[in-house]
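**Q** Protein sequence lines correspond, in order, to chains A and B. Just remember that my numbering sits 163 ahead of the position in the first sequence, which is counted from 1. Just remember that my numbering sits 163 ahead of the position in the second sequence, which is counted from 1.
Incorrect hints may appear among the rest.
One copy or two, it doesn't matter: identical chains are merged, so the pair holds either way.
The calculated DMTMM-like cross-link candidates involving lysine to aspartate or glutamate, where the alpha carbons are at most 25 Å apart (straight line), are [as the list claims (entries may be wrong)]:
#1 K378 to E172
#2 K265 to E438
#3 K265 to E205
#4 K171 to E205
#5 K431 to E172
#6 K187 to D328
#7 K171 to D306
#8 K431 to D384
#9 K434 to D384
#10 K313 to D271
#11 K434 to E266
Rather than coming from a laboratory, the hints here were simulated on the basis of the structure.
Number of protein chains: 2
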Amino acid sequence: MQGSQIHKEIWIDECHKGVRYGMKGRILLNEESEFQRITIIESHRYGKGLLLDGCWMTAEQQEKHYHECLVHPALCGAKAIQRVLVIGGGDGGTARECLMHKELATLDLVEIDPKVVEVCKKYLPSIGGSAWEDPRLKLHISDGVSWVSKCKVNSYDVILVDSSDPSGPAEGLFNETFLRNCRRILNTGGVFAMQSESPESFLQIHLDTVKLLRKVFNYADPLYGSVPMYPSGWWSWTFAAMEGHHYQNPLKKRADAISPQCKIWSEKWQKGAFEAMPAFIERALV
Amino acid sequence: MQGSQIHKEIWIDECHKGVRYGMKGRILLNEESEFQRITIIESHRYGKGLLLDGCWMTAEQQEKHYHECLVHPALCGAKAIQRVLVIGGGDGGTARECLMHKELATLDLVEIDPKVVEVCKKYLPSIGGSAWEDPRLKLHISDGVSWVSKCKVNSYDVILVDSSDPSGPAEGLFNETFLRNCRRILNTGGVFAMQSESPESFLQIHLDTVKLLRKVFNYADPLYGSVPMYPSGWWSWTFAAMEGHHYQNPLKKRADAISPQCKIWSEKWQKGAFEAMPAFIERALV
């Protein structure tokens, strides 16, 4: 991220491998937490936005591109969805989308950095929305890697990893030990999902993640969509399960209940987004 | 586009509604033609690239994201593909993809700006590739709007519009009179296709284009993909036909012949890319 002046209108960019994506706006907050640099901006185009360590995370008018795609294939496809674990996601957007599902009884939100939650509640309240007051939400300030290592077998029906790139605090979330623990604590018929980077800007991480999930869970498939603020704008989320591809088959009752409130996600969109694997990825995953 | 210095390494950006996408590189050429400003850069990330009037058009390492998506759904789905018309596309990439199809007998490439062709042949020869020497290619320096108004009924089996945004020289290509002429000169069983802008950055133009094509041709469907250098990175191409959705059904023989050389396009990818219509577009097109 470039631009360190507070209040002045400037371009705020994330630079990646000789390419940059920038928004014009004012920096409202720019400080170091125990884990990372946290920046809040007020942009012209997408409302208030969050960067961590200079990388775009979310913005008020663009967050649904990411959150709906991570949440609904998992929550519509799992056999049960009473007990959900979200690792990361301190902005509250993933929790908000999960809590749209009435069957959900308990959501453990495990975020490592309390400052992210504090800052997002203050500056980006619309992203968490009513999730922060929902009695089903339990916020735990804790390391996700450690959390899953301590859970009992069959603790959760759905596990969602809503992390930043695999460097800094999120590094351990792309790791086999962590994923094996996720499998161990996932209920029969459950679904695991994680953001799995860009097939363009992070090709090797993307491929390694899909292959590792297939090895650990038996079944795993990436879904492709668009998050303009992320490197290349072309993003992926990978869904995994132990018994089959049930994340690809939304239960009609659950889908019908949330569809009217979704901006991107629909049953039709999801079907296409799983199928739209570019030829170079298909060859690399054989 | 910012940055007017020749040879120095700088960020070259396209700015759009308070957002910018930039590549680091050197400007190799920056001059005005009769129609527009033409800029060639040497980028770190994607090789040499072309901007017209400060907007990213193509780059050596990213051009297949665009060209394969415009060409192959049309060329694999049309009843016949002997006679193809390409309007715009002076970089040669669309022509190159078309000429991969052996059944193609004549390709009329109608580009308004001779300087674009000259500059692309010199700086971006890999994009046109062997197309420039292919005896099936006939290059016509002419206005596409005027060209189609003079053609006879049933002149072409496939018509592809490979244009820039609908301002400047491309404006008339998003217009009903032009499209009605395209329909008039398209053979029975033929397919028409055009780039139809970003569902995110040019939402209204995208919707208007799809609706207009449905009105003019009877059948029209957008396909969604990723071109990182274009505004938002989320792009669309719309395919139209008079008798049905045959652009959605690739002929196996043609698809099998080109698949090994494609980076993005495959039958599977195409099926998904037509289906992956975001919910907000689906609602707006009802």
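**Q** I want to check one pair: K434 and D384. Are their C-alpha atoms no more than 25 Å apart within a copy, between two copies, both, or neither?
**A** Answer is both: 12 Å inside a copy and 16 Å across each meet the 25 Å cutoff.
**Q** At most 25 Å between CA atoms: does that hold for K187 and D328 within a copy, between copies, both, or neither?
**A** both (23 Å within a copy, 22 Å between copies)
**Q** Could you figure out if K171 and D306 sit no more than 25 Å apart (CA to CA) within one copy, between two copies, both or neither?
**A** neither (36 Å within a copy, 46 Å between copies)
**Q** Is it within, between, both or neither when you check K171 against E205 at 25 Å Cα-Cα?
**A** within (11 Å within a copy, 32 Å between copies)
**Q** Evaluate K431 and D384 at a C-alpha cut-off of 25 Å and name the case that applies: within, between, both or neither.
**A** Intra 17 Å, inter 14 Å, cutoff 25 Å: intra and inter.
**Q** Using 25 Å as the alpha carbon limit, work out where K431 and E172 are close: within a copy, between copies, both or neither.
**A** Intra 40 Å, inter 45 Å, cutoff 25 Å: neither.
**Q** With identical chains treated as interchangeable, where does the CA-CA distance between K265 and E438 reach 25 Å or less: within a copy, between copies, both, or neither?
**A** For K265 and E438, the Cα distance exceeds 25 Å both inside one copy (29 Å) and across copies (28 Å).
**Q** If the cut is 25 Å between Cα atoms, do K265 and E205 qualify within a copy, between copies, both or neither?
**A** neither (33 Å within a copy, 53 Å between copies)
**Q** Checking an output row: K378 and E172, CA cutoff 25 Å. Within, between, both or neither?
**A** neither (48 Å within a copy, 44 Å between copies)
**Q** State whether the alpha carbon distance between K434 and E266 is at most 25 Å within one copy, between copies, both, or neither.
**A** within (23 Å within a copy, 33 Å between copies)
**Q** Up to 25 Å between alpha-carbons, please classify K313 paired with D271: within, between, both or neither.
**A** Within one copy only: 14 Å inside, 67 Å across.
Hints 1, 2, 3, 5, 7 from the list above are not met by this structure, while the remaining hints are.
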